[in-house]
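Chains as they are written, first to last, in numbering that gives the first Met the number 0: chain A, 0 to 316; chain B, 0 to 130.
A couple of the hints might just be wrong.
[What the hints assert, rightly or not] Chain B regions said to be covered by chain A (calculated; three or more residues, Cβ under 8 Å):
hint, region
1, 19–31
2, 51–61
[As the list claims (entries may be wrong)] Derived DSBU-like pairs: lysine-lysine, alpha-carbon spacing no greater than 35 Å straight-line:
hint, chain 1, residue 1, chain 2, residue 2
3, A, K127, B, K129
4, B, K21, A, K223
5, B, K129, A, K11
6, A, K228, A, K71
7, A, K274, A, K247
8, B, K103, A, K127
9, B, K21, A, K296
[Stated by the list, open to error] To give an idea of the chain B side of the interface with chain A (calculated C-beta under 10 Å), a few residues:
hint, residue
10, N1
11, R2
12, V34
13, Y36
14, L39
15, R40
16, Q41
17, I46
18, P100
19, N126
20, L128
Because the hints were derived from the structure by calculation, they are not lab data. Please read all numbers here as calculations on a predicted model, not as lab measurements. Beta carbons: idealized from backbone N, C-alpha and C, even for Gly.
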Amino acid sequence: MSYMKLIENMLKGQKRACGKLITIVENEPEEAEKILREIHQYTGKAHIIGITGPPGAGKSTLTDKMVKALIKEGNKVAVIAIDPTSPYTGGSILGDRIRMQDLALDPNVFIRSMGTRGHLGGLSKYTKNALKVLDAAGYDYIIIETVGVGQSEVDIVKIADTIIMVMVPGLGDDIQSIKAGIMEIGDIFAVNKSDLFGADRTATEINMMLDLSMDMERRPPVVKVVAAKNEGIDDLINEVREHINYLKKSGKFEERRKNNLKLEVVELIEEELRKIVISHTDKESKLDGEVVDILNKKKNVYEVRDEFLGKLNRSPN
Amino acid sequence: MNRPIRVLVAKPGLDGHDRGAKVIARALRDAGMEVIYTGLRQTPEQIVATAIQEDVDVIGLSLLSGAHNYLFPRVAELLKEEGVDDVLLIGGGVIPNEDIPGLKEAGISEIFTPGTPTTEMIEYIKNNLKR
């Protein structure tokens, strides 16, 4: 089927067309560009929620419960669930749906699993493309569940409007909570499995960490939940709503999206520039002579760079 | 198109034994495929809805409860109803030899019974994709 026909059917709400389009934008960069150019006018309406946190924190279970709460209010909700790809075989087990079984048949829900396919940062390279397709398809909320993250996978900030950081008791002492990285990106902190021993302490440590930031315009709330028992989910949804209000009232919503768009354009330009550089350095190993000069101390790496860029009629910076 | 093969490994019906499905999922993963595993007790409707959203190339059904003669053909039927003609449907589990011809007639491309080496199944998938 032509991609124009798929787009037409996707806009009519056909899930099969939506699924097919995601496959294309995830796998074929050239076709993807054509599709994304075409659907651009329909995007930008969905509110994007990022759910991140360590492996086993309960992100999928929490996602399941949040989707249920959101569709009960009449929303259409899509989920992109990301799991790791093997660096050895390229294969992956995408198992997030296990926690979302009874959502498969809901007409207002669409769930798609993706492997990271070698991309670091908590998302896959083309998560953003899939997000745009689902946005154009008219989902009111799109939840992106990252892979289980460690300390520095923060790519989700580049695409989400609201980030929920899911923590659980027992992962370490309070020094963990003042480290840089993932603890800085949460708009809302959810302490899941808060029926377990140590949950109060975890919540207190996060609160203390947050109180150390003096220049914060908005202090992220800490919500205790037990996703498996559906406890605290309404509080969490209320906090998401509060955050949306804050973003809109303060002008941050637009600011964040503008920043992200700028980042996206810069990334696209970088990618094209990289292709130019590769095409000039790869063909018949054009740097072979220069490399020998560097080895023999006739030149240094910076001279070779400047010469190369001179040839490309560009200069550094 | 050179993309990873996407497989939905699903357990239809009331059957709590997923050791086999997990071994299969793991073998397919190690063969470089993206395996969507949905857990136990899926209805044929859930399986087909999932296959559509995930746009998989293959559905692998695993069943040990004896209800394969109803559940496997039901999945094939629903795929047809939804106009899905590009998905390879295969099955496995404790399935008596005499049931296999009927299942194939109902639209299940191949049945793998206990003792089948995973490599055989992987080869079959690679050679019989409908995309």
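Earlier hints that do not hold, by number: Violated hints: 7, 8, 9, 18, 19, 20; rest satisfied.
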